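Visitor: Chain residues, written in single-letter form:
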Amino acid sequence: MLTPEERAEIEAEFAHYPNRKAVSIDAMKIVQKHRGWVSDDALIDIGGLLGMSVSDLDGIATFYNLLFRHPVGRHVIYICDSVSCWIMGSDRQCSHIADRLKLQPGDTTADGRFTLIPIVCLGACDHAPVMMVDDDTHLDLTPEKIDRILERYT
Amino acid sequence: MPAEKPLTGSMRADGGALNRDAYERAGGYRALRKVLSSMTPAAVIDEVKDSNLRGRGGAGFPAGLKWSFVPEHAPHPRYLVANADEMEPGTFKDRLLLEANPHQLIEGMALAGYATGTDVAYIFLRGEYKLAARRISMAIAEAEEGGYLGKNILNSGYSIELHLHVSAGRYMCGEETGMLNALEGKRANPRSKPPFPPVCGLFGMPTTVNNVETLCNVPHIINNGAAWFKRLSRGKDGGTKLYGASGKVKHPGLWELPMGTTIREILEEHAGGMREGLRFRGVLPGGASTDFLTEEHLDVAMDFTEVQKAGSRMGTGTMIVLDDKTCPVGMVSNLEHFFAQESCGWCTPCWSGLGWVERILKAMEEGRGQPGDLEKLAFQTKFWTPGHTFCALAPGAAEPLQSALKYFRGDFERHINEKRCPWK
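In order, the protein sequence lines correspond to chains S and B.
First residue of the first sequence: -14, per the numbering used here; consecutive thereafter.
First residue of the second sequence: 89, per the numbering used here; consecutive thereafter.
The hints are simulated quantities; they were obtained by calculation from the structure and are not laboratory data.
In this text the structure is predicted, and so the values were computed from the model without any measurement.
From the three backbone atoms N, C-alpha and C, an ideal C-beta is built for every residue, glycine too.
Just to be clear, a hint being listed does not mean it is correct.
[Claimed, not checked] Cβ-Cβ distance ranges computed for the label pairs, FRET-style:
1) S:Pro90 <-> B:Ala466: 30 to 40 angstroms
2) B:Gly235 <-> S:Ser80: 50 to 60 angstroms
3) S:Gly74 <-> B:Pro159: 46 to 56 angstroms
4) B:Gly433 <-> S:Ile29: 39 to 49 angstroms
5) B:Pro510 <-> S:Asn4: 54 to 64 angstroms
[Stated by the list, open to error] Far from chain S, some chain B residues (derived; all Cβ distances over 12 angstroms):
6) Ser126
7) Pro283
8) Arg456
Assemble the whole structure, with the sequences as input and the hints as a guide.
Guide: Shown next as structure tokens:
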């Protein structure tokens, strides 16, 4: 079941578009904001509200990089793996994070604290290498700087 | 006299956003008042046509001409979309315009909206630009309160709604018709054209899509005139340009300079040249989907016309620099991985060819290159051309690959012959 809060936030989006289906991506983002990810049950509930099939919604959810169809950690680390960051050594920064957290890119730590996801260019190439943790962008990464940043996310 | 910087000149030094008051004090919303009180939509289009403002998203299509494609008696509602999905690797110019002066974009959209008879407009913003999202939302609320958006703006009888759509991330969303599908709540596959968006776009209605930087120029053209705008440029394409540089230059960054500033001036004077101990080998002049240029092209003027003559495209104008200690094959491998991953999977040359090329390049980097690989790579790029695909993703992917095969052929051959990456 969608919570009253989720439902109200989704319905507030209806005013911006001429039909309910156009709200599908916003609706899944709203649910994900509250729950961390978008479950099968959530798709059924969103489908009911928007008049869409679950398979349509799943096709949309899996297309977009920032929608998650399985649970993630409390914090998501997005490390840029595109060209400017690659030139500036993002491979090494990504390996550093993976070693420190004892996981492979794409995985979640055993304690559920972090998920590590390589992502396309984050648009801060003059400060490469770059990563985001949740909503925050972190620039000019070095292993030492990464260690300090990650400690802030508990 | 210092060069004029209409786009960035009034921005705050501390990186904060100009609020409505500060924007108005800097001359903001004057153009909108002028247009609504004294210009017809056709006169606005003519002024922008005369200015030679070319689209700053990468393709360089003349903005005024694009607006004129919405038929005069086309039905309503009509839509306008600001493409703020800046996802071209190596590109970080619109971020500044969105974060530091969102009202400039809003005014540009109100002007473009008036010119095209738009009823509803969207800013399509990439999901990762969180700060921009907060600042745009605040600016939209301020603009509505100031009477610059909404019903009967500035008592002119013209009404325009503006909404912010925050995307969920996919390179394909930046493609014009992919973006329209995304706004309709669908996968961002491109559409088969014709019909083109000015006739049948968002929700089947007439639609105009412009890049952020393009729209931000419009208030200045209206205030100062087309002739002034043309004079800002050193070449035929009007205005200034936000140029950027990333890679191993001394001072990576972003600069608003006259359109047509040379690659050498940008890289040497503004980016400070290469880092100590490194030599310049090549540059992607405008993002991942542009052809490499090399040392012989350093004096090429960065505008749409001249870069094209040199065999590449200006694209977004944000340059990615390759140095002599970075493997060109590794760089191209990274680029083709990006394109393969972000392809929507509709056209065969794209989904099939990109995956194949990605695997060949990865194998080459890992010392498993085979004789004949270079011919296979070149063969694939021949299918990644307009006419074989529905959108520009695969043609864009061809550009760095085909030019790398031309300029860095010896590096590819070494990978195959030595069965290793010589840079590792």
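Visitor: Which hint numbers doesn't this structure obey?
Guide: Result: hint 4 breaks, nothing else.
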